[in-house]
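**Student:** This is what each chain is made of:
Number of protein chains: 2
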Amino acid sequence: MGATRRPTIKTVAARAGVGRTTVSRVLNGSPLVSDEARAAVQTAIAELGYVPNSVARSLVTSRTDSIALVIPESESRLGSEPYFSAVIRGVSNGLAGTQIQLLLTLVRDQREMDQLTRFLTARRVDGVLLVSVHRDDPLPGLLEELGLPTVLAGRRSPAESLNHVHSDNIGGARDAVRHLVERGRREIATITGPADMDVADSRLRGWRDALGEAGREACGELVAPADFTEEGGRRAMRGLLERRPGLDAVFAASDVMAAGALAELRRQGRRVPDDVAVVGFDDSIVARHTDPPLTTVRQPVEEIGRTITELLLREIGEPGGVRQHVVLPTSLVVRDST
Amino acid sequence: MGATRRPTIKTVAARAGVGRTTVSRVLNGSPLVSDEARAAVQTAIAELGYVPNSVARSLVTSRTDSIALVIPESESRLGSEPYFSAVIRGVSNGLAGTQIQLLLTLVRDQREMDQLTRFLTARRVDGVLLVSVHRDDPLPGLLEELGLPTVLAGRRSPAESLNHVHSDNIGGARDAVRHLVERGRREIATITGPADMDVADSRLRGWRDALGEAGREACGELVAPADFTEEGGRRAMRGLLERRPGLDAVFAASDVMAAGALAELRRQGRRVPDDVAVVGFDDSIVARHTDPPLTTVRQPVEEIGRTITELLLREIGEPGGVRQHVVLPTSLVVRDST
DNA sequence: CAACCTGATGGGAACGCTCCCACCCTCGAA
DNA sequence: TTCGAGGGTGGGAGCGTTCCCATCAGGTTG
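Protein chains in written order, with UniProt numbering: chain W, 1 to 338; chain L, 1 to 338.
Hint data in this document are derived by calculation from the structure and do not stem from the laboratory. Just so it is clear, the structure is predicted and the values come from calculations on it, not from any experiment. Glycine residues also receive a C-beta, built at the ideal position from the N, C-alpha and C atoms. Any given hint could be a false lead.
[Said to hold, decoys possible] Label pairs and their in silico Cβ distance ranges:
| no. | chain 1 | residue 1 | chain 2 | residue 2 | range |
| --- | --- | --- | --- | --- | --- |
| 1 | W | 328 | L | 10 | 47 to 53 angstroms |
| 2 | W | 158 | L | 36 | 52 to 58 angstroms |
| 3 | L | 214 | W | 328 | 49 to 55 angstroms |
| 4 | L | 10 | W | 319 | 24 to 30 angstroms |
| 5 | W | 319 | L | 223 | 53 to 59 angstroms |
| 6 | W | 319 | L | 159 | 49 to 55 angstroms |
| 7 | W | 332 | L | 334 | 33 to 39 angstroms |
| 8 | L | 10 | W | 331 | 56 to 62 angstroms |
| 9 | L | 6 | W | 109 | 24 to 30 angstroms |
| 10 | L | 219 | W | 195 | 56 to 62 angstroms |
| 11 | L | 223 | W | 328 | 39 to 45 angstroms |
Between the sequences and the hints, there should be enough to build the whole structure, so can you do that?
**Tutor:** Here's what the structure looks like:
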């Protein structure tokens with residue numbers, strides 16, 4: 001019964017006529033091996049089809065050669081939000097060429113959070129990427145305490161102490177609103193993301209800044225809070241129209257919310273952009289397909305994914321370096337909704 | 001310098017005044033432990049904040065408590081295709097309540113394929129989920145050879161030998177085309193997915209079947225091959241209009257391709273649905289936002305994710321059972337494009 | 001020619017766990 | 001009273017690596 005078990009380093013050593021240590025050295029690229037020994041080992045490896053057991057290696061090196069991407073979101077958002085897919089793609093790109101594996105962890109409730117805590121405490125990964133952080137998220141603090149290398153996509157607040165990468169949310173939002181001002185819009189409202197996320201704050205601030213520049217008042221009635229969902233965008237739009245029937249422009253802090261706003265505007269018989277102009281944020285796939293196609297702020301989401309990965313790999317390679325903070329530029333994509 | 005190292009099972013044993021084995025038994029829920037001993041161990045664990053080292057455990061049990069989700073796609077598709085996000089969400093749901101971790105592996109080129117092969121050969125996961133399989137994909141064969149538990153979302157061919165789950169692609173496509181027939185459309189074309197994917201085949205077959213039922217000829221000129229991308233859908237539509245200027249309906253094998261088709265139709269000044277009716281497949285987020293909103297075949301993608309996960313867990317739990325084959329139902333969602 | 005270095009090598013120990021097995025104790029049956 | 005059964009227990013071995021250290025050959029130095 002040829003259920004031959006997998007060859008180990010010992011098998012290889014025996015076959016190559018050398019000691020275990022020499023095989024290990026070849027495996028790890030040590031220069032302290034003679035050419036003959038190296039050749040013999042390599043032949044043996046090839047003949048046996050030997051693959052090192054990385055679990056055993058992990059046990060002694062206490063590295064896992066894997067990182068976790070943690071997405072702490074209510075189940076609904078991954079999927080409707082193309083943002084996450086793009087981040088994943090970027091992370092995967094950043095990992096290409098390394099031997100590092102990507103663990104994907106969706107945290108939906110407290111139970112999953114507890115499980116993740118144990119998992120991280122057990123140091124089953126070499127580092128963590130954290131996406132979509134909320135202000136009072138306990139995870140960043142835990143990670144800091146554990147001393148586990150961490151990079152955030154986004155930040156808890158402008159005073160973020162951990163490594164983090166985000167796009168220029170303030171500037172992007174400002175550009176969007178400036179664009180509306182230039183188009184001659186008089187009453188420019190905004191639909192914001194969740195109040196406990198810095199990304200929502202920043203985009204709101206960009207809106208406010210641009211209005212200030214233009215000498216307009218950023219009246220509180222013009223601000224409608226939502227939650228980055230389509231339904232939230234719809235509801236926010238409804239509220240705005242009730243409070244300010246005369247508004248002629250809306251800046252939504254995400255494309256998905258903008259799509260909801262468009263739906264509500266259509267339902268109420270307002271024409272876009274004739275009656276109301278709409279700008280989104282993200283330049284996700286939905287922006288190209290809405291009716292009319294959406295003017296939006298493009299942010300380099302995939303590049304965010306790649307960058308957080310690179311920072312994390314650096315941090316894992318040489319821990320305790322200076323905390324990094326990278327801001328990536330945005331650009332306005334003008335379509336037919338303005 | 002309190003850089004106290006993490007407690008091990010030995011530390012706990014000493015503190016609880018028992019042997020290592022007893023601690024291990026408590027950890028693994030063995031009934032052969034007295035109540036006092038169990039209590040003592042649990043107290044010690046709590047006091048020390050002990051977390052078992054799963055790497056060490058893996059080394060001896062040769063289980064990894066993780067599975068891989070392999071997405072063998074050219075980089076462009078994850079992200080534009082909401083399909084993958086939904087599968088991921090379903091998989092994550094299926095894993096909730098287990099201790100099993102999800103590894104996400106994007107395979108974009110041969111190098112990454114080789115790396116994955118080594119990874120799987122080293123049995124660094126307990127099982128594999130494979131999504132978006134192509135007919136001549138070498139991976140399923142490799143997995144079969146390795147005897148690694150595997151479940152496919154989709155299948156290589158109707159004769160698939162591995163566990164697999166897919167939606168009723170033939171039936172869904174047939175429903176879509178029947179719907180077009182009922183709407184009185186005379187010349188119904190189709191835009192297909194890649195010829196080397198069964199999912200494309202099946203949807204094509206559904207189109208053909210429905211035409212047959214209606215006593216129409218499934219003329220080859222009405223078939224435009226594409227690749228599940230928007231640009232592909234656009235090009236296919238252009239080709240169809242050149243060959244058959246008189247067509248009045250198109251069934252696209254995915255929403256994203258349908259969106260491309262819509263764009264091309266608009267460019268050429270054809271009205272949808274007045275001149276040409278369009279049906280997509282997936283009921284992804286784009287379908288709701290196209291202009292006009294897209295009639296499409298809903299498939300339960302998230303459920304596919306959950307189901308493949310459940311099958312995989314079962315297979316891992318008791319290997320060598322009967323190969324499973326699950327088909328999930330689709331439903332037609334009628335919107336304004338037909 | 002002795003003392004020393006330097007490169008190449010291999011065995012022992014350790015990483016933290018599970019599992020096998022031997023042991024002890026208590027109990028009920030013969 | 002003796003014996004066997006069986007629950008509860010703990011020590012040893014082993015999982016497949018890496019790392020530390022001792023060893024050895026060969027060459028260089030004074």
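**Student:** Now tell me if each hint is right for this structure.
**Tutor:** Okay, the hints, checked on the actual structure:
Separation of residue 328 of chain W from residue 10 of chain L is about 48 angstroms and conforms to the stated range, judged on CB atoms against 47 to 53 angstroms. In this structure the hint that residue 158 of chain W and residue 36 of chain L lie 52 to 58 angstroms apart at CB holds, the actual value being about 54 angstroms. Take residue 214 of chain L and residue 328 of chain W: their Cβ atoms lie about 54 angstroms apart, and the range 49 to 55 angstroms holds. A hinted range of 24 to 30 angstroms for the beta carbons of residue 10 of chain L and residue 319 of chain W is consistent with their spacing of about 27 angstroms.
Separation of residue 319 of chain W from residue 223 of chain L is about 58 angstroms and conforms to the stated range, judged on CB atoms against 53 to 59 angstroms. Checked against the hint of 49 to 55 angstroms, the C-beta distance between residue 319 of chain W and residue 159 of chain L comes to roughly 52 angstroms, which is consistent with it. Against the hinted window of 33 to 39 angstroms, the Cβ-Cβ separation of residue 332 of chain W and residue 334 of chain L comes to about 36 angstroms, which satisfies the hint. For residue 10 of chain L and residue 331 of chain W, the hinted distance range of 56 to 62 angstroms is satisfied, since their beta carbons lie about 58 angstroms from each other.
Distance hint check for residue 6 of chain L and residue 109 of chain W: the Cβ-Cβ separation is about 27 angstroms, which falls inside the suggested range of 24 to 30 angstroms. Distance hint for residue 219 of chain L and residue 195 of chain W: a CB-CB separation of about 58 angstroms, consistent with the stated range 56 to 62 angstroms. As the Cβ distance of residue 223 of chain L to residue 328 of chain W is approximately 43 angstroms, the hint placing it in 39 to 45 angstroms holds.
Comparing the model with each earlier hint shows no violations; every hint is respected.
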